[in-house]
Amino acid sequence: MLEYTGVPTRELIDKVFPSIERINKGPVAVIECFQSIPCNPCSTACNRNAMNKMDDINDLPSLDVEKCNGCGICISRCPGLAIMVVDGSYSDEEVVFRIPYEFLPLPNVGDIVEGLNRSGEYITDCKVIKVQNSKLFDRTPIIDVVVKREYLFDFRNIRVGGKNNGQ
Amino acid sequence: MKNVDLVVIGGGPAGLCASISAASSGARILLVDRNKKLGGQLIKQTHMFFGSEKQYASRRGIDIAEILIQDLMKYKDNIDIMTNATALGIYEDGVITIDYDQKYIKVKPKAMLIATGASEKVLAFPNNDLPGIYGAGAVQTLMNVYGIKPGKRVLMVGAGNIGLIVSYQLLQAGVEVVAVIDAAPKIGGYLVHASKIRRMGVPILTGYTVKEAIGYPCLEEAVIWKLDDKWNPIEGTELKFNVDVMCISVGLTPLTELLLQAGCQMKYVAELGGLVPVRDENYQTSKKNIFVAGDVSGVEEASSAMVEGYLAGLCAAKSIGYKHQFFDELKQDYINQLNDLRSGITGEKIRIGISKILKEVI
Chain A
49 MLEYTGVPTR
59 ELIDKVFPSI
69 ERINKGPVAV
79 IECFQSIPCN
89 PCSTACNRNA
99 MNKMDDINDL
109 PSLDVEKCNG
119 CGICISRCPG
129 LAIMVVDGSY
139 SDEEVVFRIP
149 YEFLPLPNVG
159 DIVEGLNRSG
169 EYITDCKVIK
179 VQNSKLFDRT
189 PIIDVVVKRE
199 YLFDFRNIRV
209 GGKNNGQ
Chain B
20 MKNVDLVVIG
30 GGPAGLCASI
40 SAASSGARIL
50 LVDRNKKLGG
60 QLIKQTHMFF
70 GSEKQYASRR
80 GIDIAEILIQ
90 DLMKYKDNID
100 IMTNATALGI
110 YEDGVITIDY
120 DQKYIKVKPK
130 AMLIATGASE
140 KVLAFPNNDL
150 PGIYGAGAVQ
160 TLMNVYGIKP
170 GKRVLMVGAG
180 NIGLIVSYQL
190 LQAGVEVVAV
200 IDAAPKIGGY
210 LVHASKIRRM
220 GVPILTGYTV
230 KEAIGYPCLE
240 EAVIWKLDDK
250 WNPIEGTELK
260 FNVDVMCISV
270 GLTPLTELLL
280 QAGCQMKYVA
290 ELGGLVPVRD
300 ENYQTSKKNI
310 FVAGDVSGVE
320 EASSAMVEGY
330 LAGLCAAKSI
340 GYKHQFFDEL
350 KQDYINQLND
360 LRSGITGEKI
370 RIGISKILKE
380 VI
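Residue numbers (the numbering used here), protein chains in the order written: chain A, 49 to 215; chain B, 20 to 381.
Hints in this document: simulated from the structure, not taken from any laboratory.
Watch out, some of these pointers could steer you wrong.
[As the list claims (entries may be wrong)] Computed cross-link-like contacts, DSSO-like style, restricted to lysine-lysine with a CA-CA straight-line distance of at most 30 Å:
| no. | chain 1 | residue 1 | chain 2 | residue 2 |
| --- | --- | --- | --- | --- |
| 1 | B | K259 | B | K73 |
| 2 | A | K101 | A | K196 |
| 3 | A | K63 | A | K178 |
| 4 | B | K259 | B | K245 |
| 5 | A | K183 | B | K168 |
| 6 | B | K245 | B | K230 |
| 7 | B | K129 | B | K286 |
| 8 | B | K73 | B | K350 |
| 9 | B | K140 | B | K171 |
| 10 | B | K56 | A | K183 |
| 11 | B | K171 | B | K230 |
| 12 | A | K183 | B | K350 |
| 13 | B | K375 | B | K249 |
| 14 | B | K259 | B | K286 |
| 15 | A | K115 | B | K73 |
| 16 | B | K230 | B | K259 |
| 17 | B | K129 | B | K337 |
| 18 | B | K127 | B | K286 |
| 19 | B | K55 | B | K93 |
| 20 | B | K93 | B | K125 |
| 21 | B | K249 | B | K286 |
| 22 | B | K342 | A | K101 |
| 23 | B | K73 | A | K101 |
| 24 | B | K350 | A | K101 |
| 25 | B | K306 | B | K245 |
| 26 | B | K127 | A | K63 |
| 27 | B | K205 | B | K245 |
| 28 | B | K73 | B | K342 |
| 29 | B | K368 | A | K63 |
| 30 | B | K127 | A | K183 |
[What the hints assert, rightly or not] A short, non-exhaustive set of chain A residues, derived as facing chain B with CB atoms under 10 Å:
| no. | residue |
| --- | --- |
| 31 | E80 |
| 32 | Q83 |
| 33 | K101 |
| 34 | S124 |
| 35 | L154 |
| 36 | F201 |
Glycine included, C-beta positions come from ideal geometry on N, C-alpha and C.
Next comes chain A alone, as it looks inside the complex:
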């Protein structure tokens, strides 16, 4: 499926998602890197040694979810923008997603934007609670959005100023 359409199957997503228990404890990275390619910046970016060392640069990343504190340094270092952070400790009904977003205009804190799935389809409205664009992120801004918990495995992107949120 993924290699024909670019959309990872639910089975693949389940494989790389931390457990609900871990997600509910606080922020943790989700790494959607399913293809062995010569690339290792995620491994060298992590200063908590939560990512495997990658002796072979073609190794797939694997994350020690107990060591990962969801700091998100790896998000903007991943050339494939394949990493996001989820935080299930936000509220009973909602989770926070921290995603890379390299498009203009950037949303503002407080904006309601469209939440999209991995096919780019609208699934829900979501609220922007943080926008980071520091020099450290090298022009890959990081956006925090609050999303209804039922979309935990579907949400992956946002659209700013789309027709569903009338901005």
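Got chain A sorted already, so can you dock chain B onto it with the hints?
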């Protein structure tokens, strides 16, 4: 007649690294590039590179060009740079002719290193010459060098890394991409690139090719159709898109004219993009003191082009008597880096290709 130690033709990732490496070995370099600005394709690459830290992974191509040019300037006493200069020919007596500043210049170096890169392949279909049908390189040049949108609605033809990356850059520029199609049954580029544009809502249609372009006096519609498992188009599967741009990204082929002219032994190797020079592990061709690096010796990624440049520059300098003080360590490091980059599943095609052109060291 100018006398220099080494002429490097092409100032892209391979040529820049080759110049740095040879100059740091003590050779006197003339770097020739036909563009106004050094950097080759790097100056259009706004995305982050893959690879490891040594190949500037996570850095953007545009920034890597600046890093390499700054590195080069550390050796400015050893380097002459001619931009806007086209190497016209290589002659039997080892003379290179260059069109520069409206003058016809002749140079006779002790060695030369050809890093001319590659050019885009074209796709044959009715009306493929309509205005609005671009190569992906032209679209990148317009957008990322000159800040000009190529159009409003684009059909991307080719789901290799370039097609996927340029689609993403079009979206960033606010241009609609109606679909990415590829004749192959599977996406050829890195799947993370594919997922990036999928989640922006761009469909990727594999197993489709262009049937025809329609419009007068410029592109108005693109018609695609599905291919069966023998790559024959299937009647009745046509899909039509209203687009003013079709972007063709169906692969690259090495720019080898100068090597042919110099009489280097060549071989057709499909895995490397076409006609490529036979070479040894030091990147020397069948002609003594003619070296190659980067896409001209086999189409690959910019990361490996840079490492090839460092390696070939090091060896070219040594061949004319400038051995770097850490030659052995550096050479081994570059070989290891290339092996790492090529060792995985995605490097298989390159490994097969290189095995067909490698010859004993002369």
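Tell me the hint numbers this structure goes against, listed in increasing order.
As far as the earlier hints go, 1, 2, 12, 14, 22, 25, 26, 30, 33, 35 and 36 are violated by this structure, in ascending order.
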